[in-house]
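Number of protein chains: 2
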Amino acid sequence: MQSPETLGIVAGNGVYPRLIADAAGKAGVGKIVAAAFTDETDPTLEQHVELVEWMRVGQLDRLLKFFRSEGIHHAIMAGQIAPKNLFDLRPDLKALMLLGKLKERNAQSIFAAIADELAKVEVALLPATTFLEDSLAQPGLIAGPKLSHRQEHDVELGWDAAKEIARLDIGQTIIIKNGTIVAVEALEGTNEAIKRGGTLAREGAVMVKVSKPNQDVRFDVPVIGVETIRVAAESGVRVIAVEARKTLLLERDAVIALADTMNVSVVAR
Amino acid sequence: MQSPETLGIVAGNGVYPRLIADAAGKAGVGKIVAAAFTDETDPTLEQHVELVEWMRVGQLDRLLKFFRSEGIHHAIMAGQIAPKNLFDLRPDLKALMLLGKLKERNAQSIFAAIADELAKVEVALLPATTFLEDSLAQPGLIAGPKLSHRQEHDVELGWDAAKEIARLDIGQTIIIKNGTIVAVEALEGTNEAIKRGGTLAREGAVMVKVSKPNQDVRFDVPVIGVETIRVAAESGVRVIAVEARKTLLLERDAVIALADTMNVSVVAR
Numbered sequence: 729m730q731s732p733e734t735l736g737i738v739a740g741n742g743v744y745p746r747l748i749a750d751a752a753g754k755a756g757v758g759k760i761v762a763a764a765f766t767d768e769t770d771p772t773l774e775q776h777v778e779l780v781e782w783m784r785v786g787q788l789d790r791l792l793k794f795f796r797s798e799g800i801h802h803a804i805m806a807g808q809i810a811p812k813n814l815f816d817l818r819p820d821l822k823a824l825m826l827l828g829k830l831k832e833r834n835a836q837s838i839f840a841a842i843a844d845e846l847a848k849v850e851v852a853l854l855p856a857t858t859f860l861e862d863s864l865a866q867p868g869l870i871a872g873p874k875l876s877h878r879q880e881h882d883v884e885l886g887w888d889a890a891k892e893i894a895r896l897d898i899g900q901t902i903i904i905k906n907g908t909i910v911a912v913e914a915l916e917g918t919n920e921a922i923k924r925g926g927t928l929a930r931e932g933a934v935m936v937k938v939s940k941p942n943q944d945v946r947f948d949v950p951v952i953g954v955e956t957i958r959v960a961a962e963s964g965v966r967v968i969a970v971e972a973r974k975t976l977l978l979e980r981d982a983v984i985a986l987a988d989t990m991n992v993s994v995v996a997r
Numbered sequence: 729m730q731s732p733e734t735l736g737i738v739a740g741n742g743v744y745p746r747l748i749a750d751a752a753g754k755a756g757v758g759k760i761v762a763a764a765f766t767d768e769t770d771p772t773l774e775q776h777v778e779l780v781e782w783m784r785v786g787q788l789d790r791l792l793k794f795f796r797s798e799g800i801h802h803a804i805m806a807g808q809i810a811p812k813n814l815f816d817l818r819p820d821l822k823a824l825m826l827l828g829k830l831k832e833r834n835a836q837s838i839f840a841a842i843a844d845e846l847a848k849v850e851v852a853l854l855p856a857t858t859f860l861e862d863s864l865a866q867p868g869l870i871a872g873p874k875l876s877h878r879q880e881h882d883v884e885l886g887w888d889a890a891k892e893i894a895r896l897d898i899g900q901t902i903i904i905k906n907g908t909i910v911a912v913e914a915l916e917g918t919n920e921a922i923k924r925g926g927t928l929a930r931e932g933a934v935m936v937k938v939s940k941p942n943q944d945v946r947f948d949v950p951v952i953g954v955e956t957i958r959v960a961a962e963s964g965v966r967v968i969a970v971e972a973r974k975t976l977l978l979e980r981d982a983v984i985a986l987a988d989t990m991n992v993s994v995v996a997r
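First to last, the protein sequences are chains A and B.
Position 171 of the first sequence, counting from 1, maps to 899 under our numbering, and the rest follow consecutively.
Position 190 of the second sequence, counting from 1, maps to 918 under our numbering, and the rest follow consecutively.
If you're looking for bench data, these hints aren't it; they were derived computationally from the structure.
As the structure is a computational prediction, the values presented were derived from the model and not from experiment.
Do not rely on the hints blindly, as some may be mistaken.
[To be verified] Coverage of chain A stretches by chain B, computed from C-beta distances (three or more under 8 angstroms per stretch; other residues unrestricted): (1) 828-836; (2) 867-881; (3) 899-909.
A virtual CB, placed ideally from N, CA and C, is assigned to each residue, including glycine.
All chains, please: the whole structure from these sequences, using the hints.
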């Protein structure tokens, strides 16, 4: 697509929002601003965008007004809000009204409703991979040693289970060893699931992370970063299998270099 | 059924083997012996049976010879082997041959193969609930306050997810709050899943534990004990929902008394 003139980043935690900001700048976006969340967003983001508006998670009205007052017509959601903090949510009136209208409340329905509210103030939500197409995992072995027969088998088994878990809207990550699923990710997040599964499996576990069937790419794409590799290696997880063309390798070169160094295989299929 | 004259207990951890021994004794079984596992079986079991033979997990040949030499023709598997220890398994030759013949290795296939080996030495494996029929959960509210509308809804949602997880042979327990699944049990076991889910949900989570579809009742039945109630209460889990007539409430009276005291609802459906 042609780069928009302005971009608003709805900035979760980690490096993702910063990477989006830098990539959007390189792609020629003239004005980039970010809606940032207290205790979530990395404050160094301020050095990568023109303007940051700090708010609490749940201040939907403030988000909408901020984007409108800055003349934003395209936005990207980048980076997670630590899921456990969602239980601390103090929604403003706008957010309360949005939640009240929803029949089912899950990530998908809430984000879709937020997208509708953004559309009403003429902000279109772009796919979360926009500007980062080069960081999408390509099929095949991306880093580390070739998989053993047994590891291939674990990827195969773990893949089917992970897809089921994702379909059920539970999580997207499975840790498996020798055909036994040792950990399933739910609300604790990928890193905690890796730590638990790796410890239970002792050494040589395989991690599988997949996208949801019918995942709305505007809200959420599976992401692997430097921290994922580090946590995996320290937990004895030796293989990370992801979905090709649907998974972002954030800071791709650093991810590959660290995986090679730490002897963690990264493979996409 | 008529009580057998002798009984061998394959004794995992916790109070379950001891309860089986006492119940079998009351039911008139003349001779009760136990195959016990180092670092797993509670040593006080020795005071509840005629003879205990201590072995490592994986010493299948020793188990078979023990039961044969003691003239055992009926056995019950009671109590878990901590799943994480299964990765430390040092199988003897008999167990190696058994494992080698299996196409798929999961709890179900391994236990079924062990049952076959027991059958060859004329030991029949009885349902894990034998002698404990009075401890099976009956439908309805068993302890604690009546469920709120929201808790009922969480039980409903969690039930379907737990059944899927169980069907996939992953685990049998789900922790859910306000429609969001916060934790899924895999190899870490029920108590760890409760702790994690309860902490993530802060307060007021609902736990659902179900049986597997087509669960072979000789090997494994869902179990709730005093420790389950204690861990749940301390983790802020306020409801435990289980499957009626398929779940053992171990030390039933103590479980109900503690749940009432700690304000944890136990419900079966």
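Violations among the numbered hints, reported as their numbers in ascending order | Violated hint (a single one): 2; every other hint is consistent with the structure.
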